[in-house]
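Peer 1: What follows is each chain in one-letter form.
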Amino acid sequence: MAFDILITSLINGSTYAMLAIGFSLIFGVARIVNIAHTAFYMVAAYCIYFTTYRLGFNPISAMLAAIVFVAFLGWIVYLIFIRPIREHEQAVLIGTIALAIALQELMLIAFTGDYRTVPALIKGFAQIGHAKVFYQQILTFGSVFVVLGLMRLFLMKTKLGLAIRATAQDRETANLMGMDESRVAMMAVIISVGLAGVTGAIIVPLTTIEPFMWNHPLIMMMAVVVLGGMGSIKGSFYASFILGFAEALVVFLVPAGAFLKGAVALSIMIIVLLIRPAGLFGVQFEEER
Amino acid sequence: MLEISNLTVCYDKAMIINDISLRVNEGELVSLVGPNGAGKSTTLRAITGLVTWQKSIHRGSSDDIKLQGTVEFMGKRIERTPAHQIAAMGLIHCPERRRPFREMSVLENLKAGAYLLKSKKEIEDNLRQVYELFPRLKERSHQVSGTLSGGEQQMLAIGRALMSNPKLLCIDEPSTGLAPIMRSEVFRKIKRIKEMGITVLLVEQEVSTVFTMTDRNYVLSSGKIIAEGKGEELLKDEVLRKTYLGL
Ligand SMILES: Nc1ncnc2c1ncn2[C@@H]1O[C@H](COP(=O)(O)OP(=O)(O)OP(=O)(O)O)[C@@H](O)[C@H]1O
Ligand SMILES: [Mg+2]
Chain A
1 MAFDILITSL INGSTYAMLA IGFSLIFGVA RIVNIAHTAF YMVAAYCIYF TTYRLGFNPI
61 SAMLAAIVFV AFLGWIVYLI FIRPIREHEQ AVLIGTIALA IALQELMLIA FTGDYRTVPA
121 LIKGFAQIGH AKVFYQQILT FGSVFVVLGL MRLFLMKTKL GLAIRATAQD RETANLMGMD
181 ESRVAMMAVI ISVGLAGVTG AIIVPLTTIE PFMWNHPLIM MMAVVVLGGM GSIKGSFYAS
241 FILGFAEALV VFLVPAGAFL KGAVALSIMI IVLLIRPAGL FGVQFEEER
Chain B
1 MLEISNLTVC YDKAMIINDI SLRVNEGELV SLVGPNGAGK STTLRAITGL VTWQKSIHRG
61 SSDDIKLQGT VEFMGKRIER TPAHQIAAMG LIHCPERRRP FREMSVLENL KAGAYLLKSK
121 KEIEDNLRQV YELFPRLKER SHQVSGTLSG GEQQMLAIGR ALMSNPKLLC IDEPSTGLAP
181 IMRSEVFRKI KRIKEMGITV LLVEQEVSTV FTMTDRNYVL SSGKIIAEGK GEELLKDEVL
241 RKTYLGL
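So the sequence lines, in the order shown, correspond to chains A and B. Under my numbering, the first residue of the first sequence is numbered 1, with each subsequent residue one higher. Under my numbering, the first residue of the second sequence is numbered 1, with each subsequent residue one higher.
Keep in mind that a hint or two might mislead.
[Claimed, not checked] DSS-like mimics (lysine-lysine), calculated; alpha carbons at most 25 Å apart, straight line:
{"#": "1", "chain 1": "B", "residue 1": "Lys66", "chain 2": "B", "residue 2": "Lys55"}
{"#": "2", "chain 1": "B", "residue 1": "Lys194", "chain 2": "B", "residue 2": "Lys121"}
{"#": "3", "chain 1": "A", "residue 1": "Lys157", "chain 2": "B", "residue 2": "Lys120"}
{"#": "4", "chain 1": "B", "residue 1": "Lys13", "chain 2": "B", "residue 2": "Lys55"}
{"#": "5", "chain 1": "B", "residue 1": "Lys121", "chain 2": "A", "residue 2": "Lys157"}
{"#": "6", "chain 1": "B", "residue 1": "Lys111", "chain 2": "B", "residue 2": "Lys167"}
{"#": "7", "chain 1": "B", "residue 1": "Lys111", "chain 2": "A", "residue 2": "Lys234"}
{"#": "8", "chain 1": "B", "residue 1": "Lys138", "chain 2": "A", "residue 2": "Lys159"}
{"#": "9", "chain 1": "B", "residue 1": "Lys121", "chain 2": "B", "residue 2": "Lys111"}
{"#": "10", "chain 1": "B", "residue 1": "Lys194", "chain 2": "B", "residue 2": "Lys230"}
{"#": "11", "chain 1": "B", "residue 1": "Lys118", "chain 2": "A", "residue 2": "Lys157"}
{"#": "12", "chain 1": "A", "residue 1": "Lys157", "chain 2": "B", "residue 2": "Lys138"}
{"#": "13", "chain 1": "B", "residue 1": "Lys138", "chain 2": "B", "residue 2": "Lys118"}
{"#": "14", "chain 1": "B", "residue 1": "Lys191", "chain 2": "B", "residue 2": "Lys138"}
{"#": "15", "chain 1": "B", "residue 1": "Lys120", "chain 2": "A", "residue 2": "Lys159"}
{"#": "16", "chain 1": "A", "residue 1": "Lys132", "chain 2": "A", "residue 2": "Lys261"}
{"#": "17", "chain 1": "B", "residue 1": "Lys224", "chain 2": "B", "residue 2": "Lys55"}
{"#": "18", "chain 1": "B", "residue 1": "Lys242", "chain 2": "B", "residue 2": "Lys230"}
{"#": "19", "chain 1": "B", "residue 1": "Lys224", "chain 2": "B", "residue 2": "Lys242"}
{"#": "20", "chain 1": "B", "residue 1": "Lys121", "chain 2": "A", "residue 2": "Lys159"}
{"#": "21", "chain 1": "B", "residue 1": "Lys167", "chain 2": "B", "residue 2": "Lys76"}
{"#": "22", "chain 1": "B", "residue 1": "Lys138", "chain 2": "B", "residue 2": "Lys194"}
{"#": "23", "chain 1": "B", "residue 1": "Lys230", "chain 2": "B", "residue 2": "Lys167"}
{"#": "24", "chain 1": "A", "residue 1": "Lys157", "chain 2": "B", "residue 2": "Lys111"}
{"#": "25", "chain 1": "B", "residue 1": "Lys191", "chain 2": "B", "residue 2": "Lys236"}
{"#": "26", "chain 1": "A", "residue 1": "Lys159", "chain 2": "B", "residue 2": "Lys230"}
{"#": "27", "chain 1": "B", "residue 1": "Lys13", "chain 2": "A", "residue 2": "Lys159"}
{"#": "28", "chain 1": "A", "residue 1": "Lys159", "chain 2": "B", "residue 2": "Lys242"}
Keep in mind the hints are simulated off the structure, nothing from the lab. On a predicted model such as this, the values are computed, not experimentally measured, just so you know.
All chains, please: the whole structure from these sequences, using the hints.
Peer 2: Put into C-alpha cells, the structure is as follows:
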C-alpha cells in the first residue's frame, strides 16, 4: 500500500509538474492564463491514439507526431486567436476557456465519448513486495525527469532561454536589451504548448483517453501553481509532488477517496490563498507603468 | 547624433511632454535635469521606444497615449520604431530604478545586456571591460542581483547597458537613493564612459555635480524645456537656480 501510494504520487506529481511548468512559463512570459493548457494535453493523447490505430504509426513516431502537431496547433491558435487579445486578461481567460471546450467538443465529435487506451511502450512489471511496478510507469517517470532536465538546460544555457527568463521578470527592461518581447512570448507559447503535448505523449500509455480528461489535470495544475507561486518554475516543481502525494494519500486511505480527488486540490488551493497568497515561491513581477 | 524635434507625449489627455526639441552630438555628455515629475523619464522612454511599446500593449482607446514629433538617431527616424530595434541601433536606455533582473546572477544580467551581440569573443571582451570599470561586479558575479546593494545594482544596470556596445547611452537618475560616496563614484564612472568615446544623455536631479561634468544641459519643467546651455552659464541665472534647480 505504502508503495502504491508512492508510485501513484510520483507519476501524478510528475505529470502535474510538466503541465504546471508549461502553464507557468506562458503566464510568466506572456501574462497569458491559458485555461486550454490541459486541453492541448488531451489533444496530444488523441493524436497518439489516432496515428497509432488509424494510421498505423509505431509508438515513437506517433508520439513525435503528436508533440509536433500540438505545438503547431498551439502556435496557430496563438497567432489568430490569443495574440490580438493578449493584453486583456479577462478576454484571454474567457477565450481560452472557450478554446478548451471547443477542443473537447471536437474530440467528442471525432472520437465519441468512449474510453480509449493505447498500448504501453514496454510491457510487464516488477514485483516489489506486494506491489507491482509496471515498466511503463518507470519509463514515464524517467522520461519526465529527462524532459524537465532538458527544459532546465534550455532555460539556463541558451540565448532564447535567457530571453525567456528576462522577459518573464521584466518585459520592459527585456525590450531595452533588444529582446523582441512579442517574439519571445510567441516562442514561449510554442514551447509551453509543446510541453503539454509531451506530457500527453509520455502519460498516455498510463491513462484512459476521453474528451473530459483535461478537467482534472486542469484543477490540479491550478492548485499546483497557486501552491508553488504564480510564475515560479521551481515552486511548480515542488508543489506538484506535494499535491500528487496528498492526492494519492486521499485516494488510497480514505474510503471512496477517488471521488474526493478534486476536493483535495481545491482545499489546498483555498488554504494557501488564505495563509500565503504568494505561494511557496511567489515571484514578484517588476511593476510596469 | 540624436535630434528630437517638437516631441509631445500625452497620457490620458494630460500633456506630459510639451513640444520639446533637444539634440545630442556625437561624443558629448549632455544632461537633462529638472524637478520630480518634470517628464525626464518620459522623454527617455519616448526616445527609446518604450512609449510606443506601452501604446501597443495599452488596453484602452488608442488615443490614450499620444506621441507626436520626430526623433532622429544617426540620420534615421525612430519615433515609430519598436524598442528592441532601437536598442539594436546602439541607442541604449539604462532605466530608472535600475531594474536588474532580480532573480538572475550578476553575470547573467550582463549576458542579457549582450543579447544582441553574436560573437562570443565580443561578449567576452565587453565583459572584461565592464569588470574592469566595475571591479565590484566581478567579485559579485555569481550573486543573485536582487540581493545587491543599491549602489551595486546601479553599477550592474550601467554595466549591463554597456555590454551591447552602445553608441548613445541614456542613463536615468543613476544617483538617486545612493549615499554621497556612492554618488560621486557613479558620476566618476559616467565620466569614464564618456572618455571611452560613448555619447551619454544623462537624466539627473543632482544638478551641482552634474553641471561640472557635462558639455551641455537642458532644464525641463512641466514638460517644457525652459533653459539650455553650459553648466556655469545656467548657474548664473538666479531665477533658474532658485526656482528650478533648487540650489
Ligand atoms: N504611464 C503613465 N500614465 C499616466 N501618467 C504618466 C505615466 N507615466 C508618467 N506619467 C506622468 O508624467 C509625469 C512625468 O513623469 P516622469 O516620470 O517622466 O517624470 P520625471 O521627470 O522622470 O520625474 P522623477 O524625477 O520623479 O523621476 C508625471 O506627472 C507622471 O505622473
Ligand atoms: Mg524619472
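Peer 1: Each hint needs a verdict: does it hold in this structure or not?
Peer 2: Outcome of the hint check:
1. B:Lys66 / B:Lys55: holds, 8 Å
2. B:Lys194 / B:Lys121: holds, 24 Å
3. A:Lys157 / B:Lys120: holds, 14 Å
4. B:Lys13 / B:Lys55: holds, 14 Å
5. B:Lys121 / A:Lys157: Holds. Lys121 of chain B to Lys157 of chain A sits at ~17 Å (cutoff 25 Å).
6. B:Lys111 / B:Lys167: holds, 18 Å
7. B:Lys111 / A:Lys234: Holds, at roughly 22 Å.
8. B:Lys138 / A:Lys159: holds, 21 Å
9. B:Lys121 / B:Lys111: Roughly 13 Å separates the two Cα atoms, so the pair holds.
10. B:Lys194 / B:Lys230: holds, 17 Å
11. B:Lys118 / A:Lys157: holds, 15 Å
12. A:Lys157 / B:Lys138: holds, 20 Å
13. B:Lys138 / B:Lys118: holds, 22 Å
14. B:Lys191 / B:Lys138: Satisfied, since the Cα-Cα distance of roughly 21 Å is no more than 25 Å.
15. B:Lys120 / A:Lys159: Measuring from Cα to Cα gives roughly 12 Å; hence the hint holds.
16. A:Lys132 / A:Lys261: This hinted pair holds, its Cα atoms lying about 23 Å apart.
17. B:Lys224 / B:Lys55: Given pair Lys224 of chain B, Lys55 of chain B holds - Cα atoms ~22 Å apart, limit 25 Å.
18. B:Lys242 / B:Lys230: Holds. Lys242 of chain B to Lys230 of chain B sits at ~17 Å (cutoff 25 Å).
19. B:Lys224 / B:Lys242: Judged against 25 Å, a Cα distance of about 18 Å means the pair holds.
20. B:Lys121 / A:Lys159: Holds, at roughly 15 Å.
21. B:Lys167 / B:Lys76: This hinted pair holds, its Cα atoms lying about 14 Å apart.
22. B:Lys138 / B:Lys194: holds, 22 Å
23. B:Lys230 / B:Lys167: holds, 23 Å
24. A:Lys157 / B:Lys111: holds, 11 Å
25. B:Lys191 / B:Lys236: Judged against 25 Å, a Cα distance of about 24 Å means the pair holds.
26. A:Lys159 / B:Lys230: Given that 25 Å is the threshold and the Cα spacing comes to 43 Å, the pair is violated.
27. B:Lys13 / A:Lys159: Outside the cut-off at roughly 40 Å; violated.
28. A:Lys159 / B:Lys242: Roughly 50 Å between the alpha carbons, so the hint for Lys159 of chain A and Lys242 of chain B is violated.
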